[in-house]
Structure formats: C-alpha cells, structure tokens
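Colleague: Protein chains in written order, with full-length UniProt numbering: chain A, 1 to 337; chain B, 1 to 337.
FYI, nobody ran anything at the bench for these hints, they're computed from the structure.
Treat the hints with care, as some may be off.
[To be verified] Derived CB-CB ranges, DEER-like:
no.	chain 1	residue 1	chain 2	residue 2	range
1	A	21	B	22	28 to 34 Å
2	B	199	A	251	18 to 24 Å
3	B	336	A	250	17 to 23 Å
4	A	170	B	268	42 to 48 Å
5	A	268	B	112	29 to 35 Å
6	A	111	B	265	28 to 34 Å
7	B	186	A	130	53 to 59 Å
8	A	292	B	166	49 to 55 Å
[Claimed, not checked] Footprint (simulated), chain B over chain A, 3 or more residues, beta carbon under 8 Å:
no.	region
9	47-54
10	287-301
[Stated by the list, open to error] Taking lysine-lysine pairs in the DSS-like style, the calculated list, with each CA pair at most 25 Å apart, reads:
no.	chain 1	residue 1	chain 2	residue 2
11	B	70	A	168
12	B	53	A	20
13	A	287	A	276
14	B	9	A	70
15	A	9	B	70
16	A	53	B	70
17	A	279	B	334
18	A	53	B	20
19	B	276	A	334
All values reported here derive from a predicted model rather than from experimental measurement.
The beta-carbon is built from N, C-alpha and C at its ideal position, and this holds for glycine as well.
Number of protein chains: 2
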Amino acid sequence: MSYNSSDIKRIIAEIIEAKKDKGGVRSLYLVGCGGSLGALYPAKTFMEKESAKIKSAWINSSEFVHSTPKDFGENSIILLACHKGNTPETIQAAKLGRDRGAAVIILTWLEESEIVEFGDYIVLYSFDASPDHLAGNIDYSGEKTLCALYVAVELLAQTEEGYANYDKFYEGARMITTIIRNARNHVADRAKEFAMARKNDSVIYTMGSGASYGAAYMESICIFMEMQWLDSSSIHTGEYFHGPFEITDSNRPFMIQISEGSTRELDERALVFLKKYAKNIEILDAKELGLSVIDGSVIDYFNHSLFNNVYPIYNHELAAERQHPLPTRRYMWKVEY
Amino acid sequence: MSYNSSDIKRIIAEIIEAKKDKGGVRSLYLVGCGGSLGALYPAKTFMEKESAKIKSAWINSSEFVHSTPKDFGENSIILLACHKGNTPETIQAAKLGRDRGAAVIILTWLEESEIVEFGDYIVLYSFDASPDHLAGNIDYSGEKTLCALYVAVELLAQTEEGYANYDKFYEGARMITTIIRNARNHVADRAKEFAMARKNDSVIYTMGSGASYGAAYMESICIFMEMQWLDSSSIHTGEYFHGPFEITDSNRPFMIQISEGSTRELDERALVFLKKYAKNIEILDAKELGLSVIDGSVIDYFNHSLFNNVYPIYNHELAAERQHPLPTRRYMWKVEY
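Okay, chain A solo, but in the shape it has when bound (with noise of 0.2 Å):
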C-alpha cells in the first residue's frame, strides 16, 4: 500500500502510537544521495532550529550503512528519498531500519521498484517528469522537499514539544504552487540571456544559505556537474568571506539564491560584494520571485522548493544553448560503479 503527502499527518500518529510504549519516537534520520539527499535539506534545518529534544541528522545512505549512529533502532525514524527506488546504498539503509526496527519511510516517485519492500510507508510524490521538467502542471506542495518537511512538522507537532507555526505552515504549503509558476513564467526571459552569456564557461558556483542551501547544492552538483559537466561547487554565503570569496573575479560567474526570512542578511552580504567584484551574478531572490506572501514565521523552510523549481527554466535554456542535453551522461547507469 502507497500513500501521498496527504497522508502523511496519520502515518506519524501510527508510528507515535506504535513506539509510545517502547519509548517513543527519540530521532529522525534523513537519508539519502545526491539530489535525494539535498531534497532532505530543507527538514535537516528544521529539525535543528525547531526542535530541542529529537534527534536528527543528515547523511548520505553509504556514509549511513556504513558508520551508523549508535541509537539507530526502535526509537528512530529513517526518513529515505529514493526517486526511482533503486538506488543500491539506499536500499540498504532502508534493509537496515527495517533489521534495526525503526519506523522507515521511503519518499519515491515510483509505486513499484526494489525498494519498496523494505520500507513501513511508501509514500508518492509530485515530480514534473516532462523533458527538462517544463510542464509545471503538477501540485509543488506534494513534491519530495515538502514530503520530508511533513514529516519532520508533524513529528513536532505531535509530540510533547508541539511546533506553534503548524497552522501558518500549511497556509504557505497551500500557496506554493502558485508561487512558483509565476516565478518559473518571470524568469523565462533573463534564463535566455543567462543562457547565452554563460555558453562557453567551463566553471560556475551556486551560493545560498539556510534552509535553501539544499537547492544551491543540488543545482551545484546534478545540474552543473552531471548534466552540464562544468566544475562547480556549491558556496554557503556565511562561508564566503572565509575562503571562497579570494577566487572571486570579473570572469567567474556566480549563481545566488537571495532567500526570504532569517538568512537573508548572509545573502544580502554576499551579493554586495559579489556586485563590486564579479561580473557575471545571476540572481534569484525569493522576495522578488514572490514567496513573501507566506507568514515570515515559516518563510525560511518554502526558499528550498521555489529555487528548485526555478532552476529548470535556466537548465533548459543552458543546455539548449551549450548543444549539451541534460539527460547526456558519460558515467551514470551505462558503465560499472
């Protein structure tokens, strides 16, 4: 049996009631690889930030099988992205909640694949799964990165700790996806332009901060790396001014997501600079994109999904202009890894 985003709010009430007398629900770990991994970001900083007494953290699924946390068992929720539900290190964290009798919930976009016998809930996300992700047809509030949010919302929710926002959360989950097709529709000139004046670089950075800092990691890493082959590396803006700023020059461009809510100052900082010393900034900002109607109390947690959705746009047009078709590989799913 498959569940959706909808269901999500009854499955943590199952689990609670099934660990209430075994000592209830201690921790909450977020597994996954690559985009599936960044797609749980957004939780990783809830979980931080709203949180004082569950447990959490965020690991990649091999780093997770291999160099388990020592609590992982009964108490613990392993919440796994797996978007096709075949990937092997992940399936094996999953076979491992389940030998350790933690409650597993699997994210996957798929009903049907290998993982799915291993986890308690499989629930089904939205994902656009048109060419280059164009159709923007689909329900954003049930895609992955709000999936993983739920969960960690409605843990806190309904655990002793309680999480006051609950209301204003899911009025912003309602108003996503609007949000985002307005912005994927204003940026569809500027992607163009982007596009031709970044088609013959070899490098660009992604920079970003807070809850949001996923996206700038998965655009740095499934885009620009695997789909682009261009060297690239995702910047947190406070960690700028420590290192990575001195590679900072007219040539090299610079990719920033401006987010809305409490890290906006770090981004702030970092564009203000970047405006003095680089040349070639593309610039997404939250509050310009629109995001601002939803309550300044959970803003922070809705940046992740509105960037990641924007991306696409600037994707198509790069790799149209680049002749470099995102679905190109040389490596993935064609030689032995």
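Model the placement of chain B on the given structure of chain A, informed by the hints.
Modeller: Then chain B, alone, in the frame of chain A:
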C-alpha cells in the same frame, strides 16, 4: 583565565555541575566560520554517531546568529572556534551565548583578543605558526580539532550516556603527534612531484568522507580557493556517484583522502573509479600514513587531524611551484566586506 586541552575534562565537569539543577546539558552547538568551522567537523560526526540524547548541530556563525535554534539557552553549550579571536560573526555568536545563558567555550590561539570577554572558558590550542606550518614541532594532540573532540567525548562520558571507548580515545590522542610527524616526512617527495604536475592547473577537487570530510572541506576552501585562487570543491566520496562523478576525465585533478575506519569502503570505491577514468589523482591513505596503530573503535575521529596536517607539505610545494605564496590575498583583511 585561560585553559588548554588538558583542562577540558574539568571544564565539562564544572559546566555539568553548574547546570545540574537547571535541567542539565541538553545541547551542544558547534559554531565557527570557514576553517574554524571545518575543524569542528569531527566533533559533529562524533555526536551524531555516539550520542543518543544530547542534541548537537554544526553551524556557520552568521547563520547561527541570524537563525538561532529555538532551544539555545541555559541548557546548551556553545563551542566556538576563532583562530585570532577577531571574527565578527563568531564574536556575535559568543555574545548571543552569553545573553542566553549558555556555557560558552571558545577555542582560540591568541590569549588576548576581542572574543575572550564573551567566553566562560577560553581554551588555547596548539598551532604550528611557522611559515607555511612546516616546523612540525607542536603537540598535535592539543590542536583545535582534538580540543573540540575532547569536549564531545567528555560531555558524553560525564553524562548518563557514557562513552565506552573513552580510554581508547585518549590512547589514540597520545599517538597522533608521532603519527603525523612520520606521515609528513613520508609525503615529502611526492608532494614535490604533485606540485610540479599541478602547477598549471586552474581547478582541483578534494574528496573525503566520515569524520574527516571536514579536512577535505578546509583544504578546498582555505587553501585551494583562498590561498591559491583555484576553482575547487570538496566532494563527499559517497555523494560522488550521484552527480559529481560526471565531471571526471583525464585532465581534472583529484586529491582524495582514504580514511581508516568505518567509511573507508566509500573512499576506496571512489578511488577505484578515479583510477579507471581520471589520470591526475593524489592519494592520502591513512593506512599507508600510519594511522592504523590507533584502535579501530575510535580511529574514525583521528583521520581529520592526520590529513589536515599532511596537507601543508603539499601546500608549501604547490605555492612555491606556482609562485603564489600562501599568504597572498586580494580581499581578505584588505577590503571592506
């Protein structure tokens, strides 16, 4: 009054005693910027893997100040690393700790600095201040990375959780100086060859996993980006196969850490792939470098110190070959930011 690494056991005892009637120590926040944040990474992985009850998080100082965890307060320890005691963001974080009633431990190299007035405990760490850190005449067990680990180890050992490998850990700490000195001699010739081979490159990647990923991060942002103005990123060896490996070719250089301990298999898998598809690979293998004399139950946590102190031998040679001295900066401490 200031302390050194040998006082940390007593410092933690004092903090635990002082907070006993206020609910005890419930969280440990590891906070810093750039290389100082990187140095706290092994303590982060230690807490994630070994502790079930004490919440911990590893956060850039500026992000911590702007997006402070809600539970940060009198039941918290904040452990800050600040090399010269003058990093504004880290000073702000220390102030916030004082205001909120947290126990503030500051790891620093300078006894007198701006930050010290905001710390309850100023711990002076050992540091090789010779040009390019080549002297090698210090007690490496007193360095900041190990001081941070002592805080985590003592916190676990002195609370009800306990730490079963306590004696083995300190046994390892007593061995690390000799191991590092031998390893630095061991790589002297190959570091020269590396520097000659890499002198005309414009990009270089570092790779690592587990508790030593922090060393790969530091080498990438503080040396290659900051001090050599090279494009760079630190790739987690478990994440490599989920995006970044698509940039691998016969030209791009990789500097890969092969850890001893639980995540060695991740590093070895990445190395097998690199050997097949890349040509410019520099291998830092903790086993070859003599780390294996440390007990297997604690060896994970010593890889970082080893790699981080072997890198300077390479860095010195690379800077010389590139005629780009390590202290060269264009922005840091020179312009407003």
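Colleague: Hints broken by the structure, by number, lowest first?
Modeller: 10
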